[in-house]
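Following the hints, position chain E with the ligand against chain A.
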Amino acid sequence: MEAFTAHTGRAVPLRRSNVDTDQIIPAVWLKQVSRTGFEKGLFSAWREDPDFVLNQPAYQGASILVSGPDFGTGSSREHAVWALQQYGFRVVIAARFGDIFRNNSTKMGLLPVVLPAETVEALQSAVEADPALEVTVDLGERRVRWGAESAGFEIDDYTRWRLMEGLDDIGLTLRNADDVTAYENGRQPWLPTTV
Amino acid sequence: MGRTLAEKVWEQHVVRRAEGEPDLLYIDLHLIHEVTSPQAFDGLRMAGRTVRRPDLTIATEDHNVPTLLGPITDPVSKTQVETLRKNCAEFGVRLHPMGDAGQGVVHIIGPQFGLTQPGMTIVCGDSHTSTHGAFGGIAFGIGTSEVEHVLATQTLPAYRPKTMAIEVSGELPPGVTAKDLILAIIAKIGTGGGQGYIVEYRGEAIRKLSMEGRMTICNMSIEAGARAGMIAPDETTFAYLQGRPHAPTGEQWDAAVEYWKSLVTDSDAVFDTVVEIDASTLTPFVTWGTNPGQGAPLGTAVPAPEETNDPAAARRALEYMGLTPGTPLREVEVDTVFVGSCTNGRLEDLRAAAEVLRGRSVVTRTLIVPGSMLVKLQAEQEGLHEVFKAAGAEWREAGCSMCLGMNPDTLAPGERSASTSNRNFEGRQGKGGRTHLVSPAVAAATAVTGKLTAPADLA
Ligand code: SF4
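Line by line, the protein sequences are chains A and E. By numbering that gives the first Met the number 0, the letter at position 51 of the first sequence is numbered 50, and the numbering carries on one by one without gaps. By numbering that gives the first Met the number 0, the letter at position 336 of the second sequence is numbered 335, and the numbering carries on one by one without gaps.
Extracted from the complex, chain A is given alone in its bound form (with noise of 0.2 Å):
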């Protein structure tokens, strides 16, 4: 995983709610095996719509996702993760997100950032305004900067210190492998086994 400390860039306002991950990355996309191609279906459904945001001469390059509450909600697939980010996305910023999607975005390095409700509407107002905007997102201050502008934003100390550092989370828990065998050794005897 690539380590995230700060990152500054243009933003894209998506002024909806509830941007279920089906709208993120539509079905037929998840039938790949690879791990890469997915920014061609990004929002494809939508992208159809020539005045469609991400479609907007503006906003090309823009790699700051500012939606509406809600984002990443229902389906698990990663797959939307991986779509945000290879279409160029470090950020999404939203009031709310999809529990499973913000997990899958913090193991892939995809920093999802909650701020109030009120404080993202400010923000699309001002990249609406100004499509050139520079918005600074810094993960070591927990903080968005735009213009005169800044918000504070939490995140667990945890999950913040792996994105800092880039590492994977299969190696981290390898570290404790003594104590994954020594709970198995008591787990209870009528658990089931699928052998």
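No incorrect hints appear here.
No more than 20 Å apart at the CA atoms, straight line, and that leaves these computed lysine to any residue pairs for SDA-like:
(1) 430/E x 47/A
(2) 77/E x 32/A
(3) 30/A x 71/E
These aren't lab readings, by the way, just hints derived from the structure by calculation. Just so it is clear, the structure is predicted and the values come from calculations on it, not from any experiment.
Same frame as chain A, now just chain E with the ligand:
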């Protein structure tokens, strides 16, 4: 202070707890399917890792499989299924492939084999893993990185969610089902209402539900945003489990039941949030919008956006759905009816649909898709397939089918369905398709009239 059911099950599975870190949780059962696993197996291979506990892992083919007999014709779907077979063979994981008597939708086969038991932790790269919580365990959906983590370590790092009680008092009136209840709950608390919570469904109406009904309820917990849903085990749970292939037997059974009986929320335990709902006031419930929280009683009309809690979203949804505010829901015309999915693809669901269709004919394209090969077999032993065929419905092979349209079963753009599945998202059942979520009984009655209909409306 006492503990909730969720806290008891969670604590039982903590492998390691350290200040400032998420708990490391042991996973008792890992379910796998073809869509969310290929990249996880790839990751293992690249890191030279193995599957730690293939004996706690089971795989099935469900999302891509055609429900008409014959091979997969879509080359991309075929590759995905073949990749799963190759991975299971290489890593020693038990697989139920297409055509196998044990094949079916991942959340149907776990309970059916007796692999899903009270007090367990169960995960799957699929958000509807919450289904298994109906047996009193903690079951939740995970992403592909986490699938890889569980394959490699049989554990997951996780923070314990908050707890929510949904207290359902009273009794469901005749003709009102578990599906109507969960749709009403989601409409009440919203698609984000459960975010960050494990929900425990409690109360008289829940106790009276069958295991099938409880699974329908827990299945849709994720549609309210909840991490998991659970119901305390009781005699209904034990009766369902006894004698299933992987259920304990003899002395182990007795020991297990004794432990399972302790899996209830203590009377002095405190939930972080409590929601109350009276089941006796409910009527058949349907969705009108493009998320499962946009629903209303069938006897009402398509709402005006301003009447809803998110007018902008409602306006967009009504435009997508091609609906005008004020239209009675009973007048909404439907082209296709789908009975199936991990929400409502079990035997009891098929019985409910057959009861309505017996001696009647359908006027819409009607797909009846059993949730597993075993459900199909049992339905055929009861002659349900004859009822469906006589009514003009299509009787299919087991799989996810039109729940998400990864196989050939899809809606055409603008087509409208009444579906017993769990998601009415834009394009979920096919690009441009319009979905109304309903119970199996309402689905069957709708197939008879071509408009959203409850069985009680039929002469
Ligand atoms: S039936 Fe639908 S919701 Fe259930 S596992 Fe299959 S695709 Fe997912």
